[in-house]
Structure formats: C-alpha cells, structure tokens
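Read top to bottom, the protein sequences are chains A and B.
Going by numbering that gives the first Met the number 0, the first sequence opens with residue 0, and the numbers climb by one from there.
Going by numbering that gives the first Met the number 0, the second sequence opens with residue 0, and the numbers climb by one from there.
Heads up, some of the hints might be wrong.
Take a look, some chain B residues computed to stay more than 10 Å from chain A by CB distance [claimed, not checked]:
{"no.": "1", "residue": "Lys16"}
{"no.": "2", "residue": "Asn96"}
{"no.": "3", "residue": "Lys146"}
The calculated lysine to any residue pairs, modelled on SDA-like cross-linking and capped at a C-alpha distance of 20 Å, are [said to hold, decoys possible]:
{"no.": "4", "chain 1": "B", "residue 1": "Lys146", "chain 2": "A", "residue 2": "Lys222"}
{"no.": "5", "chain 1": "B", "residue 1": "Lys170", "chain 2": "A", "residue 2": "Leu39"}
{"no.": "6", "chain 1": "B", "residue 1": "Lys132", "chain 2": "B", "residue 2": "Asp113"}
{"no.": "7", "chain 1": "B", "residue 1": "Lys172", "chain 2": "A", "residue 2": "Leu39"}
{"no.": "8", "chain 1": "B", "residue 1": "Lys12", "chain 2": "B", "residue 2": "Asp116"}
{"no.": "9", "chain 1": "B", "residue 1": "Lys170", "chain 2": "A", "residue 2": "Gln4"}
{"no.": "10", "chain 1": "B", "residue 1": "Lys125", "chain 2": "A", "residue 2": "Lys222"}
{"no.": "11", "chain 1": "B", "residue 1": "Lys52", "chain 2": "A", "residue 2": "Phe79"}
{"no.": "12", "chain 1": "A", "residue 1": "Lys40", "chain 2": "B", "residue 2": "Lys170"}
{"no.": "13", "chain 1": "B", "residue 1": "Lys170", "chain 2": "B", "residue 2": "Ala109"}
{"no.": "14", "chain 1": "B", "residue 1": "Lys172", "chain 2": "B", "residue 2": "Asn108"}
{"no.": "15", "chain 1": "B", "residue 1": "Lys144", "chain 2": "B", "residue 2": "Gly156"}
{"no.": "16", "chain 1": "B", "residue 1": "Lys11", "chain 2": "A", "residue 2": "Ser63"}
{"no.": "17", "chain 1": "B", "residue 1": "Lys16", "chain 2": "B", "residue 2": "Lys132"}
{"no.": "18", "chain 1": "A", "residue 1": "Lys167", "chain 2": "A", "residue 2": "Tyr99"}
{"no.": "19", "chain 1": "B", "residue 1": "Lys54", "chain 2": "B", "residue 2": "Ile10"}
{"no.": "20", "chain 1": "A", "residue 1": "Lys222", "chain 2": "A", "residue 2": "Glu237"}
{"no.": "21", "chain 1": "A", "residue 1": "Lys71", "chain 2": "B", "residue 2": "Asn50"}
{"no.": "22", "chain 1": "B", "residue 1": "Lys132", "chain 2": "A", "residue 2": "Asp61"}
{"no.": "23", "chain 1": "A", "residue 1": "Lys15", "chain 2": "B", "residue 2": "Glu157"}
{"no.": "24", "chain 1": "B", "residue 1": "Lys98", "chain 2": "A", "residue 2": "Asp28"}
{"no.": "25", "chain 1": "B", "residue 1": "Lys125", "chain 2": "A", "residue 2": "Gln54"}
{"no.": "26", "chain 1": "B", "residue 1": "Lys16", "chain 2": "B", "residue 2": "Thr163"}
{"no.": "27", "chain 1": "A", "residue 1": "Lys40", "chain 2": "B", "residue 2": "Thr99"}
{"no.": "28", "chain 1": "B", "residue 1": "Lys12", "chain 2": "B", "residue 2": "Glu39"}
{"no.": "29", "chain 1": "A", "residue 1": "Lys179", "chain 2": "A", "residue 2": "Lys214"}
{"no.": "30", "chain 1": "B", "residue 1": "Lys132", "chain 2": "B", "residue 2": "Ser159"}
The calculated label-pair distances, taken between Cβ atoms and stated as ranges, are [claimed, not checked]:
{"no.": "31", "chain 1": "A", "residue 1": "Lys35", "chain 2": "B", "residue 2": "Ile114", "range": "41 to 51 Å"}
{"no.": "32", "chain 1": "B", "residue 1": "Pro26", "chain 2": "A", "residue 2": "Trp82", "range": "42 to 52 Å"}
{"no.": "33", "chain 1": "A", "residue 1": "Lys35", "chain 2": "B", "residue 2": "Asn126", "range": "31 to 41 Å"}
{"no.": "34", "chain 1": "B", "residue 1": "Asn108", "chain 2": "A", "residue 2": "Lys71", "range": "42 to 52 Å"}
{"no.": "35", "chain 1": "B", "residue 1": "Lys170", "chain 2": "A", "residue 2": "Asp62", "range": "25 to 35 Å"}
{"no.": "36", "chain 1": "B", "residue 1": "Asn108", "chain 2": "A", "residue 2": "Val100", "range": "52 to 62 Å"}
{"no.": "37", "chain 1": "B", "residue 1": "Lys98", "chain 2": "A", "residue 2": "Gln98", "range": "39 to 49 Å"}
{"no.": "38", "chain 1": "A", "residue 1": "Lys30", "chain 2": "B", "residue 2": "Asp4", "range": "41 to 51 Å"}
{"no.": "39", "chain 1": "B", "residue 1": "Asn108", "chain 2": "A", "residue 2": "Asp62", "range": "24 to 34 Å"}
Simulated from the structure, these hints should not be mistaken for lab results.
From the three backbone atoms N, C-alpha and C, an ideal C-beta is built for every residue, glycine too.
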Amino acid sequence: MTEEQETIERDERIEKFLKGQMTSQEESDFKEELSKDSDLKDRAVSMALLIKNMQSVGQESDDSVIDAVGLKPLVFTPKFWTWAGSMAATLLLCIGIFQYVYHNRTVEMGEAFAEVVIPSDLFQYTTSDPMGTVRGEDSSTTVFEDTLKRDLVMENKLKGIISDIDEKKNLLENIKALEKLYDEAIDNQQCTYYYLTDDIAWNIAKAYLLKGKRKPAISILEKHLQTYPNTKIRPQVEKQIKELK
Amino acid sequence: MPRPDEFEVFIKKEEEKVKAFLRNKFPHVPTEDVEDVIQESATALFDNIRNRKYKKEDCSLSTYYMSICHRQMLKHLRKQGSNPFVPVEESLIDIYNYKTDNIDFMVHNASSPDILDKLDLKEMVKNLPEPCKTILWGFYWMNLKMKALADMCGLKGEDSAKTTKSRCMTKFKDAILQIIEDNR
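Could you put the whole structure together from the sequences, leaning on the hints where they help?
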C-alpha cells in the first residue's frame, strides 16, 4: 500500500469517527491511537477544525440567503381544512367509540356490583322492629318515641331510593339525594343516618356505575375507606375499587 | 416576485459548480439545455425556500440546489424522450452527517487550543485555494458522495477525487501546523 493510500484510509477512519459511525470498541481503539500517534491526531484535529468552521461559515451564508428570500406566510388552504376536518372527524369517532365501549363496560360493572351482598345496617332489621336496630342500646332509655318514628320514615325513604337505584330509576336524582345524606351523616353524628353510611356510600357507587360513570364511583368508595377505615364493608370496598381500576 | 440580490449572488456563486456537475454527468446534453435546466432549478429553489419546502436541517442550500438541478435534468431528459438512456435517480449525498459532539471532542483535543482560539479559521476556510476549495467544501460541507464530487470537480473518477481530497487535506493540516508554529 502506498503512503497516499494509507493517508486516504486514515482520513476515512477519522471521518467515520467524526460521523459517529464507529462501534464503541472501534471508537475506544481510535481514541487510544490518537493519544499515541501525533500525526493521526494532527490530521484529525485539522479535519475537525475544517468541518466546524465550514459549518459555521456555510450556515451563516445559507441563513442570509433564506432571510433575504423570506418565507411565505403560512396560509391555510382548502386542502388543509379538508385534511384537518377529516382528522377531527376521525378523532371524534374514535373518542365516541371509546366512550361508548367504556360506558357499556362501566354499566356492566355496575350490574355486577349490584349483585354483591354487603353487611347492611339498613336491611338487617325490619321496619316493624326499628327498636332492634340500632345502636345496640336500650332504646327505652335513650330513644324517644317520636325520634323512632322519624327514623322509621327516613329509613323507609332510603330503602325507596335504593330500590329505585336497583331498578335504574332516576339515577342522577337519587345520587344527589344520597350524597347529601352521606355528607350530613359525616358532618353530624346525631344525624339519623350516621349508622347507615356504609349503605349510602355503597349505593352511591352502585348508582354511578349504573349511570356509566366509573371515576366518581371509585372516588366515593375511596372517600368512605378514608373516613371510616374500620368499616365492616372494607373487604368488599377494597375488592370493588381494585376491580374498577 | 423579484429575487433579492443575496439569492442572485448565491446562484451565481454556485453556477460554475452546478454547470460542471451537469456537464460531466450528462456529457451528451447540449449546453443550451444545461443552461435551461439551471435556470428552471434556480426558480424552483427560490419557490421551495419561500414555501418552506427546504429544511436547513436536512442539507446545505448548495447541496439542495445541486439535487434540484440533478432532478430537473433527469426530468428534462425523460420529457425529451429522444435519449434512449436516462440514468436512474440516485442520491448525491452521504446520509450520515458529522456529529457535533465528536467534532468538539477532536477540537478540544488540539495540542495548542490557546493559539487556535486566536486564529481566524473562518477566513481561512472561506479563502482556500482552488481546486481544494471546491473539493473540501463539496465533501465536508455539501456532504457529496465521491462520485458526485468527481463530477462536480471534473475529475476522472472516485479514486481521483479521493486522492485530490486527501492532498488538499494534507495542505490544510500543514497550513494550520505552520500557523501554530509561527504563533508560538
């Protein structure tokens, strides 16, 4: 091989390095060689300086030509609007399909949810025997007759709401009513419903699912666990949250 | 729309290179046709810059202009139909660009960085003597493949282009070393 051919091959190796085309092994061999061979290093440094300065000069020159020519302002042509319209329609269709599938799946989950039996305070006792309910206390000494009557009315009302939810009637309205009762029960321990929070929270979640809304259902169940960490329906709630997520 | 002076200066500057490239690559095409193709290409380049079709990240303006000329010539030959052989369109440029990190690594590796900092290397690369100017700019800035470089410089083939480029590189390296020596 002549000296000239060797120089050409050497240049090609330097160019390969500068273009980042070497394998890591080749690159480390090359760098080691650079530290030992001053001729190779001088040539490589010169080539890098040449390229770096050409890039700088060339770019400046190109930019001045481009600036002088000036770029045409972007105009939204009819072709663009056709394209944008079809993209938007496709996107809306995809979102619609996704929401339809998501909604149906959530309702299915709500139906499965409705089948789950929880230890209910509301349905544990018959309305004809409200005295037995409650609170494991001796009602003759702690609860007045009119309070008991009011409790009975309210419990029946709650049962009516839950029965409506099971039949998927007036879901939004019933959700609002239950949420109001739930908040009252949390805020006020003297509230008629304070011992029925498990039933209320569970049925709010159920109603949301039957309405096709998964996030608020998860949210109310999580809120219930946070507010009443020792609730007796904790295992069922945790299982449902996991499934819903 | 009138074309600005900067654009005309650029076209004038590129004219000789482009003409040489087309004449060497398509020797059978009459000179008038080459002139026509160059004029059409300049118009196309102007429109493409205006309409944002040219992306400076892809290649230099010179490379882009030469590619347009090449494509226009092939189109012209196909349209004419009188030539039995129209070459297949091939890329004139190397797809790999130089990596800034690797260039910087090498520059920082220089033995006398303090002296290099003081030198006006931009002026030096602007004023390289011919034919090294065309060869080195064609290879390292335009990123042309050896065959295209040979056509542009009127060299006999790739080997001849490689040898000439290597000699030019040696001259440039020697010039830099000499300047460093003089500045010590």
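Structure-based check of each hint:
no., hint, in the structure
1, Lys16, "14 Å, holds"
2, Asn96, "7 Å, violated"
3, Lys146, "16 Å, holds"
4, B:Lys146 to A:Lys222, "73 Å, violated"
5, B:Lys170 to A:Leu39, "15 Å, holds"
6, B:Lys132 to B:Asp113, "26 Å, violated"
7, B:Lys172 to A:Leu39, "11 Å, holds"
8, B:Lys12 to B:Asp116, "29 Å, violated"
9, B:Lys170 to A:Gln4, "16 Å, holds"
10, B:Lys125 to A:Lys222, "72 Å, violated"
11, B:Lys52 to A:Phe79, "16 Å, holds"
12, A:Lys40 to B:Lys170, "15 Å, holds"
13, B:Lys170 to B:Ala109, "18 Å, holds"
14, B:Lys172 to B:Asn108, "15 Å, holds"
15, B:Lys144 to B:Gly156, "11 Å, holds"
16, B:Lys11 to A:Ser63, "15 Å, holds"
17, B:Lys16 to B:Lys132, "11 Å, holds"
18, A:Lys167 to A:Tyr99, "18 Å, holds"
19, B:Lys54 to B:Ile10, "18 Å, holds"
20, A:Lys222 to A:Glu237, "12 Å, holds"
21, A:Lys71 to B:Asn50, "6 Å, holds"
22, B:Lys132 to A:Asp61, "17 Å, holds"
23, A:Lys15 to B:Glu157, "18 Å, holds"
24, B:Lys98 to A:Asp28, "19 Å, holds"
25, B:Lys125 to A:Gln54, "11 Å, holds"
26, B:Lys16 to B:Thr163, "17 Å, holds"
27, A:Lys40 to B:Thr99, "18 Å, holds"
28, B:Lys12 to B:Glu39, "17 Å, holds"
29, A:Lys179 to A:Lys214, "19 Å, holds"
30, B:Lys132 to B:Ser159, "16 Å, holds"
31, A:Lys35 to B:Ile114: 41 to 51 Å, "23 Å, violated"
32, B:Pro26 to A:Trp82: 42 to 52 Å, "45 Å, holds"
33, A:Lys35 to B:Asn126: 31 to 41 Å, "34 Å, holds"
34, B:Asn108 to A:Lys71: 42 to 52 Å, "44 Å, holds"
35, B:Lys170 to A:Asp62: 25 to 35 Å, "29 Å, holds"
36, B:Asn108 to A:Val100: 52 to 62 Å, "60 Å, holds"
37, B:Lys98 to A:Gln98: 39 to 49 Å, "47 Å, holds"
38, A:Lys30 to B:Asp4: 41 to 51 Å, "47 Å, holds"
39, B:Asn108 to A:Asp62: 24 to 34 Å, "29 Å, holds"
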